[in-house]
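Engineer: Spelled out from the first residue to the last, the chains are:
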Amino acid sequence: MEKIKVRGAPKSWQRSTSPLTICPGCQHGVVAELLCDAVDELGIQGNTIVISGIGCAGIDAFMVDMDAFIMCPHGRTCDVATGIKRALFGKPIVVALQGDGDCIAIGAGSLISAALRGEKITVIMANNANYGTTGGQLAPTTLLDQVTSTTPEGRDPGLAGYPAHVPEMLVPFRGVAYAARGAVNTPANYQRTKRYLKAALQKQIDNIGLSFVEILSACPANWHRTPVECLKWIEEKMIPEYPLGEFKNADRID
Amino acid sequence: MLRVAKMSQRILAQGNTAIGYGAVNAGCLHFFGYPITPQNEVIEWFARELPKRGGSFLQAQCETAVINMLLGAGSAGVRVMTSTSSPGWALMQEGLSALANAEIPCVVVLVQRGGPVQGTTQHGQMDYLSATRGGGGGGYRDIVLAPASVQECSDLVQLAFYLADKYRNPVVVLSDGLLGQMMEPLEVRTLDFGPLPEKDWALKGLALHKDGKRRALSCLAGFCFQEVYESYLDFIQHLDEKYRQMADSEVRYETYQTDDAHLLVVAYGYAARVSLEAINMARDEGLKVGLIRPISLWPFPSEAIRQGATRGGDFLVVEDSLGQLVEDVRLSVNGQAEVHLLNMLSRHMRTPAGMILPDIVLEGIRKLA
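From first to last, the protein sequence lines stand for chains A and B. As numbered in our numbering, residues 223 to 476 make up the first sequence, in order. As numbered in our numbering, residues 817 to 1185 make up the second sequence, in order.
Honestly, I wouldn't trust all of these hints.
What follows is a set of in silico ranges between Cβ atoms, one per label pair, in the way DEER data are often shown [unchecked claim]:
(1) A:I226 to B:E1057: 46 to 56 angstroms
(2) A:G331 to B:G954: 36 to 46 angstroms
(3) B:A1063 to A:R417: 50 to 60 angstroms
(4) A:I334 to B:P851: 17 to 27 angstroms
(5) B:G955 to A:T372: 24 to 34 angstroms
(6) A:P449 to B:R864: 53 to 63 angstroms
If you're looking for bench data, these hints aren't it; they were derived computationally from the structure. Glycine included, each C-beta is placed from N, C-alpha and C at the ideal position.
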């Protein structure tokens, strides 16, 4: 019989953690795994500190076997990351792990200020187009016409504005070294996004500037779709609005 | 008891710059701040002096960011502080409750101005309740120390760092615009408060922990899963025990001429300095009046106040607010004595520059003694 090689958990996966509190089909676990993979391949587990914000993305920090501040005050993830990075005189690799609400709604000012300062941190924003933890309300990343519990008729731009495109927004900031958007809905996208994340972490290792990776992430419970339908929805609805790719990759900041 | 470990020099300094000397003599190399009057000298001092000493200074985008940068830096185990005034203090409240929850030591200096909200850019003592009761959610406790001289601005900042590390808790130094601006001689000295436990909980990176286990901190109540809080209430009980220990061990106050006093003035900060002057004037007139000056506003020196009440003295609280400290005095006295209030409506001018002056306090003493 042919032996099938089963891929084990990444080395920096947290093995002792209690049962995960994420919903079936939720991709936050995949985002955490992706981070662990990238960290393992760069060999930086022992030197990385993860800061997670409030929201389902905050749970990701439970899953990594790295020093972590799990769920700092809502939206202040980049500020806490800044504090740790500077307190240790730039020595550790600091990752701010955020959801879309944490990053670009309540935390928009913190992200923009960190980008203006060229803070040497890596920001991961999981985009699931809604507020997952609180039951699926409108997020800055909610698509137009998308039904959420606070846009019951669908997102109307006249009332609730337009979707936020964060990597694109960060491009003109001089302090930003890297900005990309990936997805984890297919193995190919997983591998591609891992390359983005490794490139982002490398910018921090090389001390160039702020690096940012958005990752489209399924939320079956609040999208009211099965996990498989969610992967299709990401392909058909989210990726057209949020194109994947690198938007900025600077080797130095002048 | 102050044990001076290292004496260096005697200089003329403002209260606000004395804070800086105190901090660096306590080994603080990290400051995050945001400009706000009347404490700008503090952040300017750190911006100038910390780089010279190998430290790091950052001017953040707002006070909300500042307090969360303290949360980050404190999590890394370093001594870190900020300074602000009343509106900035308001913005820091969520962060302060997060620091209390995650049990991160740090020092926050609050140079009070007149309120509410933006109020005035000049002095006031209107944040007593906010500082001692905690404005963030969840009923945490912070030790609050109140200097009444330039020297104390420096010494109490050093004590604050020691207590913050001792209890893994934020400590607040409650100054005011007048103390911050006034100049006095300052002994630049390093105080020794004794040994402290190693910060084995601090986030540094897995490779730097001897046991090879990762460290995790959190603002989820009690969810530090390498520690043993089996339930929410186990964690809350732990906080309760810590706060009780602070309340039992960290009461600080000063008394002046209280032994034969029929009237006890209670005041902190600049109002205590003014009251001291007034008491000297009253004593010259033969009036038997003394001063109880709380140095720790939380924990409050209730026992000292209560003993004054049982000896039969009445009380005059002097504070540059509508009356906040007076609530703690009344609770301590518990109906055993009359408690009178001389508040900011007695200022010598009805403008932001108006002050409670010694003559005004003397007048209040004469009416009661």
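Engineer: Give a verdict on every hint.
Structural biologist: Verification of the supplied hints:
Between I226 (chain A) and E1057 (chain B) the beta carbon distance is about 54 angstroms. The supplied range of 46 to 56 angstroms therefore holds. Distance hint check for G331 (chain A) and G954 (chain B): the Cβ-Cβ separation is about 24 angstroms, which falls outside the suggested range of 36 to 46 angstroms. Range check, A1063 (chain B) to R417 (chain A): Cβ separation about 56 angstroms, and the 50 to 60 angstroms hint holds. For the pair I334 (chain A) and P851 (chain B), the beta carbons lie near 19 angstroms from each other, so the given range of 17 to 27 angstroms is met.
Under the hint 24 to 34 angstroms, the C-beta atoms of G955 (chain B) and T372 (chain A), about 30 angstroms apart, fit the expected range. Distance hint check for P449 (chain A) and R864 (chain B): the Cβ-Cβ separation is about 57 angstroms, which falls inside the suggested range of 53 to 63 angstroms.
The structure fails hint 2 only (numbered hints given earlier).
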